[in-house]
Amino acid sequence: MSVTNAKHPELAAAFNKDAARVGWHDETLWWIRQKRDKAAWTLPEWEELRETASQIKLNTLSNLSEYLTAFEKNALANGAIVHWAADAKEHNEIVHKILQQHKVTQLVKSKSMLTEECGLNDYLAANGVDVVDTDLGERIVQLANEHPSHIVLPCIHWKKEEIGELFHQHLNTPKGNADPQFLTEAARIHLREKFLTRKVAITGVNFAIAETGEFVVSTNEGNADMGAHLAEVHIACMGIEKLIPQRKHLGVFLRLLARSATGQPVTTYNSHFKTPNKNQQLHIILVDNGRSVQLGREDFRNSLKCIRCGACFNTCPVYRRSGGHSYHTAVAGPIGSILAPNFDMKKNADLPFASTLCGSCTNVCPVKIDIHNQLYKWRQVLTEEGHSPKTKTLAMKLMAFVLSKPAAFNLGGKVGRKVMRWFPFLVNNKLNPWYKQRDMPVPPKQSFTEWYKKNKK
Amino acid sequence: MNVGLFIPCYVNQFYPQVAIATLQLLEKYNCTVHYPLNQTCCGQPMANSGYEKLGQQCNELITESFVAYDYIVCPSGSCTLHIKDHLHSEKNDNAAQGIRKKIYELAEFMVDVLKVENIDASFPYKVGVHQSCHGQRGLNVSQMSELVAAPFSKTDALLKKVKGLELVQLDRVDECCGFGGTFCVVEEAVSVRMGQDRVADHEKNNVEVITGGDMSCLMHMEGILKRKKSNVAIKHIAEILNGEPILSFPEGREKGKSLAEIDDVILSPEGA
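Residue numbers (this note's numbering), protein chains in the order written: chain A, 1 to 457; chain B, 1001 to 1272.
Simulated from the structure, these hints should not be mistaken for laboratory data.
Bear in mind that the values here come from a model prediction, so they are computed numbers and not experimental data.
Certain hints may be false.
Partial list, computed: chain B residues near chain A (C-beta under 10 Å) [to be verified]:
hint, residue
1, Pro-1016
2, Cys-1031
3, Asn-1094
4, Met-1194
Ideal Cβ positions, reconstructed from N, Cα and C, are used throughout, including at glycine.
Whole structure, please, built from the sequences with the hints as guidance.
Right, here's the structure in full:
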């Protein structure tokens, strides 16, 4: 898969070369945001539900070690095998080891953003294991040799005609057929064969319940169930923040999740996995991969409340117009931009700046993560840690110098406006990113300060 | 009451007519308005770029300048929010914390403090409101479309009192315009596209004048409107509430010349 060192502004600018496509992408996601609004308004207690979910998650994070220990104990008692992975590498190795124990080189996998985060597919491919993603959207991006561009809608950046062409190449569907019903049927036939022949199924985990040791996987396609029930070995991979304390809390999250994600009243399949079937092994891998570090960052710890609904993606005016791949990280969008610097500040230093801080993300978040405030705080941290370009630091210091002294500001403003009036080409040129597609404001002859001194003082 | 006027740096330099309108408007409602000359900027350009610490001298200037007033009023939701959320002083932090509680964005000040009932202004045009994100989601000047909560808008409440003014309902009521401070140049492509889409919503709904509480959003949209030679004009809410008409509006509609340009000529504060 393509690996790039380009940053969000360049990648977003490339996405914006096709203006019609940007419009289509924006409208598609805005439509989902509107569906979300309608679904939220069906519940008069919506805001209370968000607050409750937030409180439950805050309690979970404050007592995470206890809930994890309880979960492990109960899961073991249910007959599951529990693994702990400190990081992505350990997680991938644990999965590989289980496969080796069962002498298996092919498997099916339902949607799991954690395995994306850990780069599991690439790791297993390098070790000769064939992974088939069974979520339709994920299968599409997998066939296209791409990563998901959205955590809930992995191929939202693909048009149906392009999917028709992709299926024609890979699944032998007739050329030019872009009928969604037909293409879904073709994918169903293609995937059915995989479900029936693969002995190992990997699933993600949406909620793990400390009290019972069970976990819940939510899908609209039933693909997690198909995989897990037909396979001899079910491996469930989860980040340690997926816990909730008790089963009675689940309803709060299930009501919020689907409405926030797609505007559905409930996800089609919310499947509970507790005790493995006869002759089946159930593995649960609990993955840290930076989460404990994030938990230790006071300003950013509540980002771990995230239930991966994707509502912040759909509402984000920047995401809608820059596409998921411009975020160059497994989890894109606003939430990705506050999670990614925790993994690698240098590599992801651009992401907290890929926002206007409009705050819409915070308002749609079903667990009330103050995403836009954390974007602002990450900007400060990244600068403090030296991940800001030297030219930017210089420009900012110059700006701060001028703004620190009223006399310098007044003189600078006066000279600046004069220069703009006399030599407009100095600002009206291609080197000025403002001027590229926008006119500059017309500089007046006098500032307000000058007017005030003359007329009021 | 004694009101200290905080004027955003870019309004001071590029849109003095907005500051003048704000001052005159507040005086109409019997405020004693002073403009402390030692202010420069709220510090947000540095802070939003990750250099909050470089804004400390701005913080000190604000604290020294505004400590004595009953209220501080600013014709910008964004600068108001920044001061409200971040102002602190190494010399007199009590004063700084006090200012955070006393600063108001213009529309919220007029509605919540002055409790303005009547507005002596006429503006017979179709007006689209661009609610700035910081004014709306930060200061709660109007209800946010994401929340399941009763709608309200302090901005609209004021504009509805203006004679002849027709408020236009937009398709997306509170989408960001894409200005975003340094975002507008760092993320130029996305910023411009957001602005173009925002402007298109107004145009599609036959808006003649876009107004709002934040000149920064309006400046960004004005730049886009002018580039496409649109007939849609921009006007800060202070100018409308202060009863400043677009004098040349119907007869000045010369071919190829945008209303925004005509407006600049007419309302340039030269000798105002």
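Each hint, compared with the structure:
no.	hint	verdict
1	Pro-1016	holds, 4 Å
2	Cys-1031	violated, 14 Å
3	Asn-1094	violated, 22 Å
4	Met-1194	holds, 5 Å
Violated hints for the displayed structure, listed by number in ascending order: 2, 3.
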